[in-house]
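**Q** What follows is each chain in one-letter form.
There are 2 protein chains.
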Amino acid sequence: MDATMRIERILGAALDGAAAGPPGLAAAMHHGVFPRGARVRPRLCLAVAAACGEDDAALADAAASAIELLHCASLIHDDLPCFDDAAIRRGRASVPAAFGAPLAVLAGDALIVLAFEVLASGAVRHPARLAALIGIVARATGTPFGIAAGQAWECEAEIDLGVYHRAKTGALFTAATLAGAVAAGVEGEPWRNFGESLGEAYQVADDIGDCLSNASRLGKPAGQDAARGRPNAVASLGVEGALRLLDRLADAAAAAIPPCPGAAGLRALTRLEANRLLPKNLSRNAA
Amino acid sequence: MDATMRIERILGAALDGAAAGPPGLAAAMHHGVFPRGARVRPRLCLAVAAACGEDDAALADAAASAIELLHCASLIHDDLPCFDDAAIRRGRASVPAAFGAPLAVLAGDALIVLAFEVLASGAVRHPARLAALIGIVARATGTPFGIAAGQAWECEAEIDLGVYHRAKTGALFTAATLAGAVAAGVEGEPWRNFGESLGEAYQVADDIGDCLSNASRLGKPAGQDAARGRPNAVASLGVEGALRLLDRLADAAAAAIPPCPGAAGLRALTRLEANRLLPKNLSRNAA
Numbered sequence: 026m027d028a029t030m031r032i033e034r035i036l037g038a039a040l041d042g043a044a045a046g047p048p049g050l051a052a053a054m055h056h057g058v059f060p061r062g063a064r065v066r067p068r069l070c071l072a073v074a075a076a077c078g079e080d081d082a083a084l085a086d087a088a089a090s091a092i093e094l095l096h097c098a099s100l101i102h103d104d105l106p107c108f109d110d111a112a113i114r115r116g117r118a119s120v121p122a123a124f125g126a127p128l129a130v131l132a133g134d135a136l137i138v139l140a141f142e143v144l145a146s147g148a149v150r151h152p153a154r155l156a157a158l159i160g161i162v163a164r165a166t167g168t169p170f171g172i173a174a175g176q177a178w179e180c181e182a183e184i185d186l187g188v189y190h191r192a193k194t195g196a197l198f199t200a201a202t203l204a205g206a207v208a209a210g211v212e213g214e215p216w217r218n219f220g221e222s223l224g225e226a227y228q229v230a231d232d233i234g235d236c237l238s239n240a241s242r243l244g245k246p247a248g249q250d251a252a253r254g255r256p257n258a259v260a261s262l263g264v265e266g267a268l269r270l271l272d273r274l275a276d277a278a279a280a281a282i283p284p285c286p287g288a289a290g291l292r293a294l295t296r297l298e299a300n301r302l303l304p305k306n307l308s309r310n311a312a
Numbered sequence: 026m027d028a029t030m031r032i033e034r035i036l037g038a039a040l041d042g043a044a045a046g047p048p049g050l051a052a053a054m055h056h057g058v059f060p061r062g063a064r065v066r067p068r069l070c071l072a073v074a075a076a077c078g079e080d081d082a083a084l085a086d087a088a089a090s091a092i093e094l095l096h097c098a099s100l101i102h103d104d105l106p107c108f109d110d111a112a113i114r115r116g117r118a119s120v121p122a123a124f125g126a127p128l129a130v131l132a133g134d135a136l137i138v139l140a141f142e143v144l145a146s147g148a149v150r151h152p153a154r155l156a157a158l159i160g161i162v163a164r165a166t167g168t169p170f171g172i173a174a175g176q177a178w179e180c181e182a183e184i185d186l187g188v189y190h191r192a193k194t195g196a197l198f199t200a201a202t203l204a205g206a207v208a209a210g211v212e213g214e215p216w217r218n219f220g221e222s223l224g225e226a227y228q229v230a231d232d233i234g235d236c237l238s239n240a241s242r243l244g245k246p247a248g249q250d251a252a253r254g255r256p257n258a259v260a261s262l263g264v265e266g267a268l269r270l271l272d273r274l275a276d277a278a279a280a281a282i283p284p285c286p287g288a289a290g291l292r293a294l295t296r297l298e299a300n301r302l303l304p305k306n307l308s309r310n311a312a
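If you read the protein sequences in the order shown, they are chains A and B.
When you read off a place in the first sequence, starting at 1, and then add 25, the result is the number in my numbering.
When you read off a place in the second sequence, starting at 1, and then add 25, the result is the number in my numbering.
It should be emphasised that the hints constitute simulated quantities derived from the structure, not laboratory data.
Treat the hints with care, since some could be wrong.
[Stated by the list, open to error] With the C-beta cut set under 7 angstroms, the calculated list includes, among others, these residues of chain A facing chain B:
id	residue
1	130
2	178
3	181
4	182
5	263
Here a beta-carbon is modelled for each residue, glycine too, at the ideal position from N, C-alpha and C.
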């Protein structure tokens, strides 16, 4: 079974349980998770687990899914009227637009909780790995350095943009790599540089997408950074400069892969994925 | 160290880490957790752990604190403009009133995440107990039967009031008892009836408080059930009827305590606590 099928299967199973509760909440959670986005973070997690010599597919699946559930939860809360007030996400109505703010708040909450529940359920064969995995995903999601912290920096008058991007976007990429390693029974920390470089690359690709795509390609409103006065790599470096930066970050990520059984394959995958992040009209191997 | 001091100490330590992140978020989280409410749920968790012959104080502390953090998170989100829009909580401004909806959403999110992080950190000596503890608190918080589900039933046209109260209020009481047992290394399930009876007793006491207290005693607006058309035991049974029901539920809880080293002490504590839940002018031993 390929990585994407594994991820969709376990996400689907995790969400099935919600059907026994309030129907509106179950529908809002489903809408926030399906149909799939790019699933970049869970695929990264599974790729690292495989490169490390994955010995417990259920645990790697659980770690990957937990990370995607937390990502989806953060998007739902980002789209609330009190933040981005976004009508569109992944090419259709956002969860707040489709279900209202109350169910959007609760769907995000329930998905955060579900992420930890899925992780615990997946650790049956290797309970000794669970505490480290919980710590990794929690630090990437909460505060002081996780997604909630990143979003909360938007409420501050003074903001360090590096700190902001590392928390809002980078932290979950780093967590995906660390969690993939720990799920496979190896140490997570040596994977930090790889994850951080990939997180920065993703941010630059997102900046390029925001500037150059139209909304239908992007699945969400384009030009939001300029509209909201947010920093953007294209605005500061130009398109060519941003593309060169993306290349350098992909190189740095590939060079940061620690020695492991699947290092060569993961290096190749890293370059492929960096290119896949770009809008299709900019992909260097678009044919 | 008594139970309350243990709880305040570990909650304080857990929140200290937030100071390295966005100051507004750290302040909103602190405001939502301190100064303390009654800490009914974490004290219950510690009482069960002690009655079961607690062998790992750090793990019992972590379980109790995780449950209180999740409770505080749910109150913060309940007070959002899109739900109760409550200006007052615990006798002063609610988190949304004091910090605005964006930081209130994020403070709730970050407290949910922190609860799981605290739990994982506390399980160092007994990693084999962690997955069960995560499952217990997650089921009490998410959907289909936890707090998020309970709150989401308010968004449905048809609602089974028993299901609603068990999810919104009862689930975390049940979790507190199960988690206390599991943190002490014994099976959790035999404690379910005890927790469910206590959860119902708490709901009845809360109903009595809502009808009979004034806002300054209650620390939140009184008469909210009648104003919002919510079911209330006093409305359906009268004051005396509701007090008799509370007594019966406290008896049922005391009778449901499974055999354990501290059963006698816990039975006495149960009756004391049921009375403490009442507004002071109604307490049978108020002197």
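**Q** Now tell me if each hint is right for this structure.
**A** Checked hints:
1. A least Cβ separation of about 6 angstroms between residue 130 (chain A) and chain B falls short of the 7 angstroms threshold, and the interface hint therefore holds.
2. Below 7 angstroms, beta-carbon pairs count as interface contacts, and residue 178 (chain A) has one with chain B at about 5 angstroms; its hint therefore holds.
3. For residue 181 (chain A), the interface hint holds, the least distance from its beta-carbon to any beta-carbon of chain B being 5 angstroms, beneath 7 angstroms.
4. Because the beta carbon of residue 182 (chain A) sits about 10 angstroms from the nearest beta carbon in chain B, more than 7 angstroms, this interface hint is broken.
5. For residue 263 (chain A), the interface hint is violated, the least distance from its beta-carbon to any beta-carbon of chain B being 31 angstroms, above 7 angstroms.
Violated hints, listed in ascending order, are 4 and 5; each of the other numbered hints is respected by the structure.
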